[in-house]
Amino acid sequence: MTQLCRRLGGLVLLFAAWMLTTSPVSAEPRFAARTAAACQLCHVNPSGGGMRNDYGRNVYAAHVLPLALPDARTAPTLDLSWEPTAGVGISAGADVRFAFIAVDTDYVIDPATNEAFRLPTMLSFFLMQDDVYALAELGNELSLYLDYGVASGNLESFALWRPGPADAYVKAGLFLPPYGLKLPNHRTYIREEGLGLEPNVRDAGVELGAFPGPVGVSVAVVNGLGGTEGLNPDRKLAVTGRADASFGGTKLKGTLGVSGWFEPGGEVVDGDDLRTYDIRSGFYGMASAGRLTFLTEWDWRRVSDRATGTSTDAFVGYNELDVLIRQGIDLQLFFEYYDPDIALTPNVLMRPGLAVSVFPTPNVELSVLYRHTFGDNNCGEGGLFGDEDCAQADVQTFYTGATAGMDEAILFLRVFL
Amino acid sequence: MSRSPTRTGWLAPALIALLAAPVFAQDAEEPPAEAPESEAPADEAPAPQETPPPEPPPPAPATPEPPALSLPPDLPALVAAPSDQALAAELARGTRIYNSKCATCHGADGTGDGPSARYLAPAPRDFTSGLFKFRSTPSGAPPSDDDLARTVRQGVPGTSMPPFARELSDADVAAVVATVKSFSDRFDGDPVEPLVFAEDLDFSDAAAARGAPLFGALCGSCHGPEGRGDGPAAGGMVDLWGDPIAPTDLTLGLFKAGNDSPYDLLRTITTGIEGTAMVPWAGLPEQQRAELAAYVLSLGQGSSWFTSWDAGRYPARDGLSD
Numbered sequence: 291m292t293q294l295c296r297r298l299g300g301l302v303l304l305f306a307a308w309m310l311t312t313s314p315v316s317a318e319p320r321f322a323a324r325t326a327a328a329c330q331l332c333h334v335n336p337s338g339g340g341m342r343n344d345y346g347r348n349v350y351a352a353h354v355l356p357l358a359l360p361d362a363r364t365a366p367t368l369d370l371s372w373e374p375t376a377g378v379g380i381s382a383g384a385d386v387r388f389a390f391i392a393v394d395t396d397y398v399i400d401p402a403t404n405e406a407f408r409l410p411t412m413l414s415f416f417l418m419q420d421d422v423y424a425l426a427e428l429g430n431e432l433s434l435y436l437d438y439g440v441a442s443g444n445l446e447s448f449a450l451w452r453p454g455p456a457d458a459y460v461k462a463g464l465f466l467p468p469y470g471l472k473l474p475n476h477r478t479y480i481r482e483e484g485l486g487l488e489p490n491v492r493d494a495g496v497e498l499g500a501f502p503g504p505v506g507v508s509v510a511v512v513n514g515l516g517g518t519e520g521l522n523p524d525r526k527l528a529v530t531g532r533a534d535a536s537f538g539g540t541k542l543k544g545t546l547g548v549s550g551w552f553e554p555g556g557e558v559v560d561g562d563d564l565r566t567y568d569i570r571s572g573f574y575g576m577a578s579a580g581r582l583t584f585l586t587e588w589d590w591r592r593v594s595d596r597a598t599g600t601s602t603d604a605f606v607g608y609n610e611l612d613v614l615i616r617q618g619i620d621l622q623l624f625f626e627y628y629d630p631d632i633a634l635t636p637n638v639l640m641r642p643g644l645a646v647s648v649f650p651t652p653n654v655e656l657s658v659l660y661r662h663t664f665g666d667n668n669c670g671e672g673g674l675f676g677d678e679d680c681a682q683a684d685v686q687t688f689y690t691g692a693t694a695g696m697d698e699a700i701l702f703l704r705v706f707l
Numbered sequence: 003m004s005r006s007p008t009r010t011g012w013l014a015p016a017l018i019a020l021l022a023a024p025v026f027a028q029d030a031e032e033p034p035a036e037a038p039e040s041e042a043p044a045d046e047a048p049a050p051q052e053t054p055p056p057e058p059p060p061p062a063p064a065t066p067e068p069p070a071l072s073l074p075p076d077l078p079a080l081v082a083a084p085s086d087q088a089l090a091a092e093l094a095r096g097t098r099i100y101n102s103k104c105a106t107c108h109g110a111d112g113t114g115d116g117p118s119a120r121y122l123a124p125a126p127r128d129f130t131s132g133l134f135k136f137r138s139t140p141s142g143a144p145p146s147d148d149d150l151a152r153t154v155r156q157g158v159p160g161t162s163m164p165p166f167a168r169e170l171s172d173a174d175v176a177a178v179v180a181t182v183k184s185f186s187d188r189f190d191g192d193p194v195e196p197l198v199f200a201e202d203l204d205f206s207d208a209a210a211a212r213g214a215p216l217f218g219a220l221c222g223s224c225h226g227p228e229g230r231g232d233g234p235a236a237g238g239m240v241d242l243w244g245d246p247i248a249p250t251d252l253t254l255g256l257f258k259a260g261n262d263s264p265y266d267l268l269r270t271i272t273t274g275i276e277g278t279a280m281v282p283w284a285g286l287p288e289q290q291r292a293e294l295a296a297y298v299l300s301l302g303q304g305s306s307w308f309t310s311w312d313a314g315r316y317p318a319r320d321g322l323s324d
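Read top to bottom, the protein sequences are chains A and B. Taken in order, the first sequence gives residues 291 to 707; the numbers are from the numbering used here. Taken in order, the second sequence gives residues 3 to 324; the numbers are from the numbering used here.
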């Protein structure tokens with residue numbers, strides 16, 4: 291009984307640490323475009339997304355994003371032993387995204403028969419994300435980071451070493467490989483259908499990055515997608531990365547970058563022919579002037595089978611125009627493009643969309659989204675919707691807890707363990 | 003890095019002196035010529051007139067002359083000042099808030115090099131220098147507590163310094179101010195009186211019109227003839243800390259010293275911005291400075307909806323700032 295009480299007490303302590311100083315956590319490239327700063331201005335992860343750091347929590351999320359600024363009555367300051375100079379402590383956070391989705395699909399292609407048929411209208415609640423975060427800072431240079439999706443089981447877990455100059459970093463563990471824009475919406479063509487680099491894909495490897503002046507470079511060597519469980523099944527590593535440069539000043543600022551992915555393909559293993567190789571490359575850009583922000587990414591992907599000598603080239607694009615109606619309210623216009631095989635015509639899907647995002651308080655984002663998919667009938671791959679209307683309403687609550695000092699960390703461990 | 007609060011170390015002797023003052027005063031003065039008023043009811047009979055006056059008390063033994071008191075003129079304020087213990091508590095409270103809200107930019111030691119600092123322009127203030135851009139005190143003097151509190155509350159528009167007015171209570175702000183001051187010895191001396199401006203200054207459209215030629219003559223070389231921050235001297239500027247800066251584009255209507263009142267601008271025009279090329283124009287007659295402020299305000303009134311959202315809040319990664 292005592293042991294149970296201690297553990298419950300530990301959980302309460304941890305939960306209290308999350309809740310007492312809270313703020314939204316979200317990977318939104320449009321915010322990076324507006325600031326023309328690297329993702330790690332606000333996020334612990336240099337690649338962006340996930341847990342926010344002190345600036346992201348206390349400055350950007352609290353004062354730049356929301357409609358209503360935090361109130362002294364609701365923003366208590368914890369009496370913790372955290373000493374920023376020493377850089378030693380633990381932090382916790384959580385991230386929940388919940389959506390209601392309505393999808394009306396006029397037809398979908400049956401990959402077996404290549405015939406179109408109609409799907410019933412879908413009305414569904416959907417838990418998009420329920421991540422918990424933990425960060426252990428072991429000094430000013432070394433930290434351990436954990437991002438765990440409770441329902442999905444997705445895991446991002448790595449050690450992060452930041453030696454200092456030019457914000458250089460080394461990341462080792464399980465992480466989303468660096469490529470293009472890191473979008474929160476895993477359904478975008480550039481992430482899901484086109485490249486298979488949706489946000490919940492993790493891969494094991496090592497990533498190096500640096501941000502000398504206006505330039506940012508990240509390069510990773512990973513097992514290759516699917517290699518998250520120990521050995522890479524095709525026994526070949528993949529190399530991926532991106533590089534960008536920022537420009538501009540007060541009136542116009544932006545970033546232009548290129549991405550690349552090369553996975554050489556492996557051998558015949560246990561009868562499975564894994565000799566396909568996979569090349570992806572593309573460019574991305576962000577620009578912001580006044581209340582307008584524009585994001586774009588265009589990628590090309592070639593998947594080749596050495597055995598047969600055949601290859602497929604795909605082309606995929608993403609464009610987003612954001613209008614800041616006023617602080618806390620964003621109007622977003624999207625246009626996506628996906629050609630899964632440029633050798634086939636007509637074979638293109640296009641998807642315009644419209645969304646409104648509201649940050650009523652520092653802790654909550656509400657958004658409604660509508661998008662319509664249209665294109666040609668013979669899209670080739672199974673599961674692609676030919677003509678679809680999708681409406682979605684999201685409630686997102688994101689929390690990053692206070693950073694506790696070692697005293698609290700030791701107390702927590704004693705109580706919990 | 004932090005200094006211990008010693009500003010009220012002489013408070014206890016002062017308090018003792020204050021409490022002792024009436025005693026010394028009673029001793030030093032002549033005894034009252036008239037008998038003390040009776041506390042008896044008015045309808046009671048007075049004491050008979052023929053009663054001889056009481057004998058004067060025997061002379062007191064010779065005692066040393068009490069030392070002449072030299073009380074500080076601001077003694078009442080000192081009496082109201084918090085004790086050392088209270089100051090230490092306030093400093094501890096301020097340090098906690100500072101570490102939570104401020105250290106990521108300004109650094110845990112107040113040196114302006116927190117982990118977020120390299121992405122921000124203008125660079126976060128280095129508190130250890132004791133130099134502050136926005137003051138109501140004369141050029142060369144440290145800012146007042148109210149100046150620092152004003153910046154904490156309203157932030158610095160157009161920069162990454164947010165307003166904490168709603169998030170922090172008055173006591174929190176005062177504690178943060180105490181912490182910020184603890185980073186520099188420049189606050190060790192007596193506080194400097196802030197400048198006081200006349201309340202009946204003319205900031206009207208007519209005053210703005212009169213300020214236009216003055217602006218061209220005094221400000222145009224940096225801020226440009228139209229106030230767009232593109233004057234011939236605007237290029238290549240750095241501040242005292244070596245960070246690149248550029249004159250403010252006044253047409254955006256976003257003024258770092260505050261947008262609430264023309265007096266915010268008047269204050270900056272009068273005191274200058276320490277560490278930058280913005281010099282104090284305190285030598286100008288006060289009404290002329292008001293006319294300059296009125297004209298600068300009029301420049302910002304034409305800013306569009308498109309550019310009005312915190313334009314220049316974050317410049318490019320290595321870019322210039324206003």
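If you are wondering where the hints come from, they were derived from the structure by calculation, not from laboratory data. On a predicted model such as this, the values are computed, not experimentally measured, just so you know. Glycine included, every Cβ here is placed at the ideal spot set by N, Cα and C. Incorrect hints may appear among the rest.
Unchecked claim - Part of the chain B face toward chain A, derived, beta carbon under 10 Å: (1) S118; (2) G260; (3) Q303.
Unchecked claim - Pair by pair, the computed Cβ-Cβ distance ranges are: (4) A:L644 with B:R230: 34 to 40 Å; (5) A:V548 with B:R230: 32 to 38 Å; (6) A:H662 with B:D172: 49 to 55 Å; (7) A:G503 with B:G142: 42 to 48 Å; (8) A:P504 with B:P193: 39 to 45 Å; (9) A:L621 with B:G191: 35 to 41 Å; (10) B:F199 with A:F537: 29 to 35 Å; (11) A:V548 with B:A284: 36 to 42 Å; (12) B:D172 with A:V658: 47 to 53 Å; (13) B:R230 with A:V496: 47 to 53 Å; (14) B:F199 with A:V548: 51 to 57 Å.
As the list claims (entries may be wrong) - Take a look, some chain A residues computed to stay more than 10 Å from chain B by CB distance: (15) D344; (16) W588; (17) S594; (18) T602.
Here is how each hint holds up against the structure:
no. : hint                           : result
1   : S118                           : holds (4 Å)
2   : G260                           : violated (16 Å)
3   : Q303                           : violated (17 Å)
4   : A:L644 with B:R230: 34 to 40 Å : holds (35 Å)
5   : A:V548 with B:R230: 32 to 38 Å : holds (34 Å)
6   : A:H662 with B:D172: 49 to 55 Å : holds (53 Å)
7   : A:G503 with B:G142: 42 to 48 Å : violated (35 Å)
8   : A:P504 with B:P193: 39 to 45 Å : holds (43 Å)
9   : A:L621 with B:G191: 35 to 41 Å : violated (53 Å)
10  : B:F199 with A:F537: 29 to 35 Å : violated (42 Å)
11  : A:V548 with B:A284: 36 to 42 Å : violated (53 Å)
12  : B:D172 with A:V658: 47 to 53 Å : violated (39 Å)
13  : B:R230 with A:V496: 47 to 53 Å : holds (48 Å)
14  : B:F199 with A:V548: 51 to 57 Å : holds (56 Å)
15  : D344                           : violated (4 Å)
16  : W588                           : holds (23 Å)
17  : S594                           : holds (37 Å)
18  : T602                           : holds (38 Å)
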